[in-house]
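4 protein chains.
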Amino acid sequence: MIIVMKPGAAKHSIEGVISKIKATGLDVHLSEGKEVTIIGIVGDKSLVAGINLELADGVDKIVPVTESYKLSNRKFHPENSVVQVGGVSIGGSELAVMSGPCAVESEDQVLATARAIKASGAQILRGGAYKPRTSPYSFQGLEEDGLKLMKEAREETGLSVVCEVTSQKAIETAVNYVDMLQIGARNMQNFYLLKEAGKTNLPVLLKRGLSATIDEWLNAAEYIMAEGNQNVVLCERGIRTFETATRNTLDLSAVPVIKAKSHLPVIVDPSHATGVRDYVAPLAKAAVACGCDGLMIETHPNPACALSDGPQSLTFEQFDVLMNELRPFAQLVGKTL
Amino acid sequence: MIIVMKPGAAKHSIEGVISKIKATGLDVHLSEGKEVTIIGIVGDKSLVAGINLELADGVDKIVPVTESYKLSNRKFHPENSVVQVGGVSIGGSELAVMSGPCAVESEDQVLATARAIKASGAQILRGGAYKPRTSPYSFQGLEEDGLKLMKEAREETGLSVVCEVTSQKAIETAVNYVDMLQIGARNMQNFYLLKEAGKTNLPVLLKRGLSATIDEWLNAAEYIMAEGNQNVVLCERGIRTFETATRNTLDLSAVPVIKAKSHLPVIVDPSHATGVRDYVAPLAKAAVACGCDGLMIETHPNPACALSDGPQSLTFEQFDVLMNELRPFAQLVGKTL
Amino acid sequence: MIIVMKPGAAKHSIEGVISKIKATGLDVHLSEGKEVTIIGIVGDKSLVAGINLELADGVDKIVPVTESYKLSNRKFHPENSVVQVGGVSIGGSELAVMSGPCAVESEDQVLATARAIKASGAQILRGGAYKPRTSPYSFQGLEEDGLKLMKEAREETGLSVVCEVTSQKAIETAVNYVDMLQIGARNMQNFYLLKEAGKTNLPVLLKRGLSATIDEWLNAAEYIMAEGNQNVVLCERGIRTFETATRNTLDLSAVPVIKAKSHLPVIVDPSHATGVRDYVAPLAKAAVACGCDGLMIETHPNPACALSDGPQSLTFEQFDVLMNELRPFAQLVGKTL
Amino acid sequence: MIIVMKPGAAKHSIEGVISKIKATGLDVHLSEGKEVTIIGIVGDKSLVAGINLELADGVDKIVPVTESYKLSNRKFHPENSVVQVGGVSIGGSELAVMSGPCAVESEDQVLATARAIKASGAQILRGGAYKPRTSPYSFQGLEEDGLKLMKEAREETGLSVVCEVTSQKAIETAVNYVDMLQIGARNMQNFYLLKEAGKTNLPVLLKRGLSATIDEWLNAAEYIMAEGNQNVVLCERGIRTFETATRNTLDLSAVPVIKAKSHLPVIVDPSHATGVRDYVAPLAKAAVACGCDGLMIETHPNPACALSDGPQSLTFEQFDVLMNELRPFAQLVGKTL
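Chains as they are written, first to last, in the working numbering: chain U, -18 to 318; chain X, -18 to 318; chain B, -18 to 318; chain V, -18 to 318.
There may be inaccurate statements among the hints.
No distinction is drawn between identical chains; accordingly, a pair holds when it is met within one copy or between any pair of copies.
Calculated pairs, SDA-like style, for lysine to any residue (alpha carbon to alpha carbon, straight line, at most 25 Å) [what the hints assert, rightly or not]: (1) Lys56 to Ser119; (2) Lys1 to Glu298; (3) Lys316 to Val302; (4) Lys99 to Glu124; (5) Lys(-13) to Leu7; (6) Lys242 to Ala285; (7) Lys1 to Gln299; (8) Lys42 to Val9; (9) Lys1 to Ser116; (10) Lys56 to Arg114; (11) Lys180 to Gln65; (12) Lys(-13) to Lys242; (13) Lys(-13) to Asp259; (14) Lys242 to Val257; (15) Lys42 to Val17; (16) Lys56 to Asp41.
Keep in mind that the hints were calculated from the coordinates and are not lab data.
Bound conformation, chain U alone (with noise of 0.2 Å):
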């Protein structure tokens, strides 16, 4: 941590920093320069995490120079890090492709979904049980009786499943059923919801928010795996921007980015991305080009039906082509699928 004195910042207030650190017991290194003078803290900087040196006389600002998420950080696990979703690995040589509709709504619409994807080889069912949705009277989903269709189509085809969870009592109810839960953009900074899903022993998967900075979406991570669970996936899923062309923009950067800066694997969804079905081919095609660890797609028995993001999915027939045609891409970068 760094403190940047105002430029002619008298030597009193230089002083009463200095003393101010050397009393939560680290030391410092001074920086006289020709306009400005520069403090830095030499030690644990959580010391001085209780005192407001942005608020100290003659001080214009901090510079924090480490971050603060530890157990997500590739500095301090430099291997990637494969998490197990049943029997599938993810951040491995696999690529790892889920696949389903966004909302669960039958029996049919479930069992058709998961035997296509599965015969598409995707390795993972996804289906909503519990809808965030702009409105309240928007559609919101079967909760606990979709859980128990998903379990049914597990059973039958042997993939995994995971549903999104929004609240602790989705959390409790979900553990019954699923593989892995999903936390969705919209609750990734519920704090209290990651530390309840960083007490069960399922892998999560954690959705980038609408605007959150990869470096946000680290912390949120480290919410979960404080509480003891260090199974995270990530999923970048577009943030906010103002192009309207598409729903979201999809960042893909944060794939180099997040391998950078973590070892925790990182999924593209590229159906929420750009709420637009001709796009998600070339796009999902771009994931695996720049190295992520799987892929989220929607599909759909009849995506003119869907009751929630149905001008998104794709038929069975449509992700059958693009799941072969990913095959090569992912043969390019060493993975296999």
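Take the given structure of chain U and dock chains X, B and V to it, following the hints.
What follows is chains X, B and V alone, placed relative to chain U:
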């Protein structure tokens, strides 16, 4: 709801869309332009919620023409709503000022603050007992012990109190201590929490999400109101943009926009929006000048020692000066303070 | 300028960076922390502009500690600047109001507007003769004929006039007709145009770019001032965000931020920021309340027939009402109107 | 164009709007819904450009249904355009790679770079002679001397060359030296410059503005094309968002969106988008995978000494490795490299 067909859409595609709509019992109006054909839906558009017209053959796009929020919509409730918080009215002729520390830290801190802000003319004490923090290693709040201190301050001073709640459990506890529940920016689309707040009979202060549109914000209010609780106050607290000179960008346009679209009261929090003490006073005056119903302003007995957000907190003296400066502005817009 | 080394950077990497800096004649201060080592540069940092320290072995990041703008920086010019525009002072005790149509359309329109706004108390007539429009097929302005009409209005009414310039040729023409040149938002980083404006002896109104940080804005002013023209007035006119209820998001925080960082006057344009007539008055009051030096407000004899931006223009009656409402706000912040 | 009337708009308001439209010679289609009435305009909507329907009594909003760009619109030009740059085709079966330094610095630098990138398979040399820089005190480019060096490199190596132009004067000079003009992000809405570029017979590389929507970008292309120059290539180079881990956010969705909306070729610049050398290669692969027509990648003989943007430049070795890695990706999308 309007369906815009693609240029040159085939006659049978147009007829296909029309018959889908008519199958739901609705009627259409057809507008055949030189370049494109447009189909308007006549009647209750919720009847077409189950069919994905966007995916029908030949459709270019769907344009909604009415808002999805109803209870919070001024179109259906033309008069301003006035919300009672303890003995304080928000949305009427009184300018409501909420003040206090970001985080409740100690009895001394809370009581000293309560006495000081009351002496300066504030009507409501704020103070966080459940703190949503970016990092799990930052101070997380005193929880129920903090609520007890807030209640104690209320009993001594007669101020009403408002506290943020971050989970169903926090709501269950807080209803025993506070006059108003606050839903913070990070939880604005935590729909489960909104519903739980809607089931209480306490007024709710709903902060705008960091990247929430005003439309989404009013839909979030709708979640609370649809549960039967009509006592919602909105709080603009800055949105996330590319600018870094302030922590967030205070969107004061939201005040007249909310006044046009909704009957709910709206207050402004310049402290969290800017993150910089020196910018709080000018923006508080601006907020009053453009017609807000109240302010939320952070104060602390010793900002340099605050455990959270010290750099934006006013001292008691600064707050007292500000309150005196605000009075003539309030008067100019027809409010008492 | 501070160089933060990577955790565990090798001794020879640290020494390499130090010797690179010392080779330029500068001195360093070394701060060896428990986790990271930090190197501060002492002296004129422009000497290291030619070496890319970010790429040197072991370097994590470079943190600048001083602003790159000097002439516009309050640190080196503590008193407020007052800019003369014809007989009007901007930045002193007078609140400067610029008003008029978005686009100059006809003699009748300009003269009627000039008379009306003068009668209501405005001091400066605005009107676009060179219009930057998103589509090449939209009305592009009357060019020199428009400037002639503006000059005619000036001669009749005694108002000062300001017009936007969009090219060197437009500057060469405009200097013969106007009292102040305007650089629009889309040209805020058209550095060639900024330099040309800096070579004239006319004051320059520099609008903030749609996605310009305040730092970039002050650097754009620096381009004008570095050519010898110190008469720059800044104009906040809204930034681009995700919100769609207003055309742009008016960033009123920019007013106190500019006042803290720069000595230049700053005015506010609520008309272009919101794009909605009903929101202009409340935000104009807010702008005055937070300390701006002036306003730019669009008026039109018949907004329903305006060739450009009609929906945000006030009628003369609306403008007159607003001016009367603004006076007591101006008085409260110590300005005359 | 569709006019949405306010709920409960009076019959005479509706008739007023209709008669205004009919007065221009256009016809309307009326759609009277239960909540709102909608009026569609039939025919050439440019006829109503002069009347501000948004301000007519009872009007709620106007919804455009067709794009304002025509020449760049795929609807009116279904086949892909192929643009010739010297002997290189962009938009056909070849993947066009432009490479070179951000700024031209010296003969040695330019020639060494030209030889190296040619050896690695690039077809076009890039290099800035007119540099738009945030601060007037940063290196501004060698101007005509830089263009001469670019031409010299072209003559020796046979590479085509592209240089940014920032003023009419720069265009007049550059046409004597280069094969393609580049309009940079900051000048994307410098409409005067766009028109001047449209009057030359050189192909134009049009970079996306930092906060430009795709619609605005295509309208900017339209400015060039409306002057008679159809040879426009678009370049996605990142947009401005709240994220700070990369300099900008590379919006790869723009590639399939442009392909859907326009027939113009589109290339991608991952160097300027990320600002970080390590992220260039993965995003270059992603860009190819999602269907771009080419890449712009910065290289420098000695990035650690570059006068501009060194941290994002690749060394010749890194560029050579990347080109070899890109070839199989190009092949997968049916392009040769």
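Hint numbers not upheld by this structure, sorted from lowest to highest: none
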